[in-house]
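Build the complex from these two chains, which are given one at a time in their own frames, with help from the hints.
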Amino acid sequence: MYITLDGVSRQYGDIWAVDRVNMGIGQSEFVSLLGPSGSGKTTLLRIIAGLEKPTTGRVLIDGVDVTDLPPHRRGVAMVFQEFLLFPHRTVYENLAFPLRMLKLPKAEIEERVAWVVGILSLAGLEKRYPNQLSGGQQQRVALGRGLVGRPKALLLDEPLANLDRELRQEMEVEIRRHQIALGIPFIYVTHNQEEALSMSDRIAVVRRGRIEDFAPRTQIYDTPRTAFIAQFVGRSNRFEGTLDGAGMLASDCGARLAVPAAGLAAGSRAMLFVKNEKLRLDPAGATPAGANSLACTVKDVILRGAYADYILAFGNRELNASRPRSERAFLAGEAVTASFDAADMDLFDADGERPS
Amino acid sequence: MARRLTRFLSKYALLATLAISYLFLYLPIVHIGLGAFAKNHAFPYPPRWTLDTFGRLFANSLYQNAFANSLILGVGAGALSTLLAAAATLGLMRHAGRRTGLYLVLFVAPLFVAEVLLGIASLIFNGLFLELQGNLVSAILANAVHCFSYALLIMATQLYRYDWRLDDAAMVFGASPTRTFFEVTLPLIWPGLLGAFIVTFIMAFNNLEISFYLLGATPTLPSVAWGALRYGVKPELYALATAVNLVVVVGLAVMFVLMLTGKVAFGHRPERERAV
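Heads up: the sequence lines are chains W and S, in that order. Under our numbering, the residue at position 73 of the first sequence is numbered 73, and the numbers go up by one with no gaps. Under our numbering, the residue at position 7 of the second sequence is numbered 7, and the numbers go up by one with no gaps.
Treat the hints with caution; some may be incorrect.
Claimed, not checked - Quick list of in silico lysine to any residue cross-link-like pairs, SDA-like style, CA-CA up to 20 Å:
1) K127/W with E183/S
2) K103/W with L117/S
3) K53/W with R73/W
4) K53/W with A96/S
Hint data in this document are derived by calculation from the structure and do not stem from the laboratory. It should be emphasised that the depicted structure is a prediction, and the values quoted were computed from it without experimental measurement.
Chain S on its own, in the form it takes in the complex (with noise of 0.2 Å):
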């Protein structure tokens, strides 16, 4: 009887835990979502609704600006540190050697510099040695440093299960080297590519920080949420946040779909895994 009974508790104990979790994860978000859709935007409970404040956001040019801005910002720092991640990821699992360990580290120091030093360094270091302006070009470059190390470790968590004498098996049946990549190596590891270009895209996407100093006059979602702050939190900072939030939402449902069917599946599966 007593043993029921803490059965029973512990289960709905574990599961209250989990509502709360998942309350304190999402309760910010749902309440500007609700906002967002809300006439009574600053305290919507009951919400009265109405789309209008997603009417005056996309009718506001400013936003349209700053939404192709950062769309651009991050389309081409997370190609960009993708790119080079892979490079480096492949460069450093195949001919490092014994010195993997110090390359690693030196690849990941990034990380370690705060975003808005990461910003001022490149403003002066873009401009005096660089002589780049401040622009959409100068702020991807900043982006992607930082983008890089993480994209790195994304993709080397995935390649690191990859084997790579299947690159042996298909030189020594006629591909060059160059073949062998698109034909075997690029079809295996592509998983952990593209999920280190959306991780890397949604990080320049949302960045403040770096691109506030590089971007100039430039505008940029963050930067202009940021500068409307300055006038209080408008009905439109709610339409653009929840906007925003969809996207990644929608993408990340994507995502999961694909795994689900097994369209997509990350890592490469040692092939005798499964062999009955």
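Only chain W is shown next, with the shape it has when bound in the complex (with noise of 0.2 Å):
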């Protein structure tokens, strides 16, 4: 593997901020660490780069140990949630930055700037300062910063955070391109599950500073191997309750649902999750069309445009569907029944694991 983390940890006082982290990541493989805030994961970022110090383990970068070396020695670059451009220097000068501490001659600069300027749409600004620029352009300008000197590796710590929805998803498309242009690993850190999904080779989800799970992005999305991850990625309707020995699972909000054949005894309790596009509604009356039926009224209708959201009520809980408006609409008030296929749900044990 080009970069590899063995039983990397990370201690704050008596907190474990990261915690025995082993990863492999590939030559020119876009990584994602996904998590919520406080999980590990700038830290994680930050132990890579040489910004931090593990307490334990070992990075290797390209077959070199690197735990030792500072920042400035280990060739990798990085992308900040603050842009961290130099207040003080030009927009050329910013670029210019990392080739000059690489002392590289002028002509060849001149030439590697003019490169990134280019890829990065960036032509017209290199005299401004970075509080002459918009936040969109900054963006860039760090990314620019970032790619402009051929790193190793490049890690980016929540880029888009500080962007708006229509440019973050533009700029989406385009850090990956230039990713796989380059060839080289992005280590992309997010808690902005959308980000990691449409980016991503694989994505590591980070949660109190362990990897939960390693895995590429459609079996992070289709087949989470923790509650947790069935939880925090995608969003999902969640039923808890205690197993038959007839392979049912009866729900504490008071379902009855037929669960897939698991190693789990009977009598044990269990949870499980659907997503909110696997449940299918259909009117009252009309033959359900998953196994899993559960009669419920739709309680708010809120509109996203090419789908829409419904909140329905089912006994005295609420349940979350999401359906595509070209199929039917519903209105709020309407009694529907609501849908779906033991195939369709992701099956937990007590401690959040899925049974093997």
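What follows is the structure in structure tokens.
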């Protein structure tokens, strides 16, 4: 593996911000570290950059143990959430900074800055200072400063968090394109699952300093390994209850649900998740599409454009369903049947682990 | 009608207060200034203009000597205390952790020691332990003790606004810690250093109480002025005070113009503050 984290841990006082992390990242892989705030994902990134020292464990980049190397000798680059452009330097000088530190000849510096100005469409802004740029432009300069030195890896710490939604989606595509073109690993820290899902090859879900799972993005979304991932990635309905001998779950909210055959003993507690878009809706009385059906009332309809989010009342709890509007529209107050198949659900034992 | 009258009155009452405040601040200085340029220096109203006093002042080798010594003292103590305070401030902000408050209190504690006491104590300490005679070096050291605390406070207010993550950014992009300091940190914090240097320079330059004990026979401007007082207030003292004031005023004016034209900005503006 091109970048290897070997039992990396970082302790602050009594707290392990990063706890025994093992990861291998390939030469041209886009990896996201996805987790809630305070989960330790930024600390992990700073350890790779050399801005923090791991309490124990080793960091290897391109086969070299860099654990004891200071940041300026690691050959990686970083894009920060706050951009952190040098405010006393122009855009050109900011972009040339990593190259000057590499002691490249002036002609090559000019050539490389011109290249990065070209690919990030920054032409005409070279003489401006960072405070004369819009947020999106500053973001591009920060990205350009990360790419210009052709680093061994680019580390991105929530670089899009300060941009508005439209710009963010535009940049997602762009960042991914540059990563493919350059063929270097990008390690991308985010708490935003959409960003992680849209760009990554693989996603590492970070929780309380530990890697909950590190898997291809479709696998993270479609077959979450733990209840935490099922809860955190995508939007789901959660049912908790007790299994009986006949492969049915008697949920605490009063539903009886047929669950996939699994290695859980009768009488044990279990939880299951059904993604909002897997919950199918039919008018009350029609034959439900899925094996498990729940009689609900539409409480609220939230229009999202191409699809609509329905908030359903089931007994005294709420369920969420997300359906394309081309399919059929329901109105608030309407009685509906929500249904799903056993294959649509993710079942976990009481500890939140997927039963084997 | 009544409201307009109140507004009229309050506006002029405010202006009058302003004028009185400035008169209170500047009348003594103006009086000395007029005295310096007048033959009738004791009561220069109206002044009969002359430049003789300045001629005598600048011709007097004692004053020349004293001026040179004061300059050395001011620059030496200013530079020393600014350097030390810069190191102390950087340490406080970056590495002190939970004990920042304690260290800060200890750093500014010299402010609460009377200058006379500091002078005597420094004289004894420098003489007994450092084996320094009363001379300029000893006076620079003693003044730096006092100036250090002021320099620290001035710099701390400036550096408080510095975003240390810029240092992280510089290091990730290949700058060694030294390079980072000179390429990124220093260019952004030097106005704070300059401000601290100017204030401590003026303090040491004008200091009498501390220097008095440590200088022995070496004259400085304040000590010469103090000595001259024994023979009554001579016109040279008027000229001296005016000359010193002029230097200070010119210095401040230069700084003001630099700030106005944007050549110098105090403190680091967060970069997204003015983004469109």
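Against the structure, the hints come out as follows:
1. K127/W with E183/S: holds, 18 Å
2. K103/W with L117/S: violated, 54 Å
3. K53/W with R73/W: The hint holds at about 14 Å.
4. K53/W with A96/S: holds, 18 Å
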